[in-house]
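Novice: Input sequences plus hints: build the corresponding full structure.
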Amino acid sequence: MKNLQISSRGKITDIKIFVLCLSAVFAAATVLSICVGTVRVTPAQIISVLFSGERSTPEARIILYSRLPRTVACLLAGAGLAVSGAIIQAVLANRLASPGIIGVNAGAGLAVNICFAVGAVSGWTIAGMSFLGAMVTVLLLAFVAEKTSAGKVTVILGGVAISSFFTAISEAVVSLSPDVGLMSSDFRVGGFSAVSSARLLPAGILIVIALVLSMLLGNELDVITLGDDSASGVGMNVRRMRSILLITAACLSGASVSFAGLLGFVGLVVPSAVRKFTGSESKVMLPVTAVAGGCFVTVCDVLARIIFRPHEIPAGIIMSFIGGPVFLFFLFRDRKGQEI
Amino acid sequence: MIEICSISASYGKNRVLSDISLTVPDGKITVVAGLNGCGKTTLLRSVAGLMPYSGTVKVDGTDVKTLGRRETAKKVAYLAQMKSPSDLTVFRTVLCGRYPHLPFPHIFTQSDRDISEEAVNTMNLSDLADRKTSQLSGGLLQKTSIAMVIAQQAGNILLDEPTTFLDASSKLQLMNRARLMAEEGKAVFAVLHDLPMALRYADKVAVIKDGSIFAEGSPEEIYSSGIAEKVFGVKLYRTEVDDGIRYFY
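So the sequence lines, in the order shown, correspond to chains A and B.
Taking this note's numbering, the leading residue of the first sequence gets 1, the next gets one more, and so forth.
Taking this note's numbering, the leading residue of the second sequence gets 1, the next gets one more, and so forth.
Do not take every clue at face value.
Said to hold, decoys possible - Interface residues of chain B toward chain A, partial, derived using beta-carbon atoms under 10 Å:
(1) Cys96
(2) His106
(3) Thr109
Stated by the list, open to error - Simulated pairs of lysine-lysine, DSSO-like, Cα-Cα distance not exceeding 27 Å:
(4) B:Lys65 <-> A:Lys147
(5) A:Lys283 <-> B:Lys132
(6) B:Lys132 <-> A:Lys276
It is worth saying that the hints were derived from the structure and are not from the lab.
Cβ atoms here follow ideal geometry from the backbone N, Cα and C, with glycine treated the same way.
Specialist: So, in structure tokens, the structure goes:
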């Protein structure tokens, strides 16, 4: 037992250092996100507005009604999409699966576009329909994968096909409804310039509930990675649990897409990167993934605001600049037979 | 004790098991032997409640169909055939064996961790406890799965091809571990491809052919009946060393 305790201690120290660094990045990214923009705000002004109740100055209004909702949106979308990716990867036993790649985001996006097209634009309607679109997609893919005993690559390709199909329908909806086109230009790439509290609140509530549920289901997520027979052998109703986990993942990604648009790569890159530091035990990996996802999206959004200042580009573009090469890195590392 | 009464099972229209009855007593190793595809694994999966069947399987006197998955797992531990490894560490994988014992909200206690650490030590895996199972050889992965079965602390143990991927020494260690489990009073029910190994370690052997029990008896009875030649098409020999241990080859 001595060896076991010694090696565990070393690992725990590594995780603590990583979490400490991540916390520092989290704090810095949050403050930067509130400070950076066309009008600069200082950290002192943030403290003054948040704790003194001063709301009449222009800076206070910018902080309270623009920067703060936007920062919270970045953190929630990042956490939601990253944890959703971690769950989908574990349930489908595929490190290349993510809500963006297997079409979950596209399903949510289609639902949101339909909402815009029919004029159902209340926060709750969009968040709910987005969740529904994501859920239908992920359950459809899981059902087909189970029925056909599809391999890992087949599941990914099937997801890509579903994603293309839903994207095509979305494009058709956008083409046929000019108003949708206007509203969804930022949506298609993914960004936070149009985030409002009314859109954020319902989706945020869904994300927080799903995050708590996913943390509670950490042990179940670990057991399901053992494979169907082994998981059943230790008493899990695998089919039911797989559905619960996938619906949770769909809720996270659907709600995130409803206000952040089709952000790519967060659900793919962040869980894989976090696993390198924390290992795959969900109890540790999921909360750290949530924080790291929030940091990643917030940093990308800050970069999107400052790189071409005074102009702003959607955060999704920055994310794809970073996520694309990282995805290729994972892909080619996998081809060498190394672990993803 | 496991009592299997007239069970039949199918994959779609393909009937794999036909009217099988067998008793797996406590404190003994009962081995199912047979050619590939004869229904051995299907029989074990049926007993574990992992696939539908007609007939009755009673575990410690209770019909498995009346038990929930978790209750079944408390009574029956199932070592599945070799599978793809996960990214969990060896210790975390073994800890999963405690899952059926966790009350809601399914949080592991120190007692669960102690039991799992003991299982890890029992299988001589303590040096590898923090290693991912995806980084293990097939043999070490199998040892990890067996440690998980030990941690499950069920009274009935189902082992599906437990010696697959193990080297000669590890095979003997594993079967000796199965013997210890039987001596602790557990009912050990194993599927083995290795017929000489089955005859050496089993207290009782059931030979399955085309989904039905072709012969059942002690290793000595199976050996002397010449069934090995009829079913497996091989000639078996036996030798007995000074300490009374029988070897088949």
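Novice: Verify the interface restraint on Thr109 of chain B: the C-beta must sit less than 10 Å from at least one C-beta of chain A.
Specialist: violated (12 Å)
Novice: Quick one, are Lys132 of chain B and Lys276 of chain A close enough, alpha carbons at most 27 Å?
Specialist: Answer holds: Lys132 of chain B to Lys276 of chain A is near 11 Å, not above 27 Å.
Novice: Does Lys132 of chain B lie within 27 Å of Lys283 of chain A when you go C-alpha to C-alpha?
Specialist: holds (16 Å)
Novice: Tell me if the straight-line CA distance from Lys65 of chain B to Lys147 of chain A falls inside 27 Å.
Specialist: The hint holds at about 24 Å.
Novice: Hint validation: Cys96 of chain B versus chain A, beta carbon distance must be below 10 Å. Holds or violated?
Specialist: holds (5 Å)
Novice: Hint validation: His106 of chain B versus chain A, beta carbon distance must be below 10 Å. Holds or violated?
Specialist: OK, holds: His106 of chain B within 10 Å of chain A, min 5 Å.
The structure fails hint 3 only (numbered hints given earlier).
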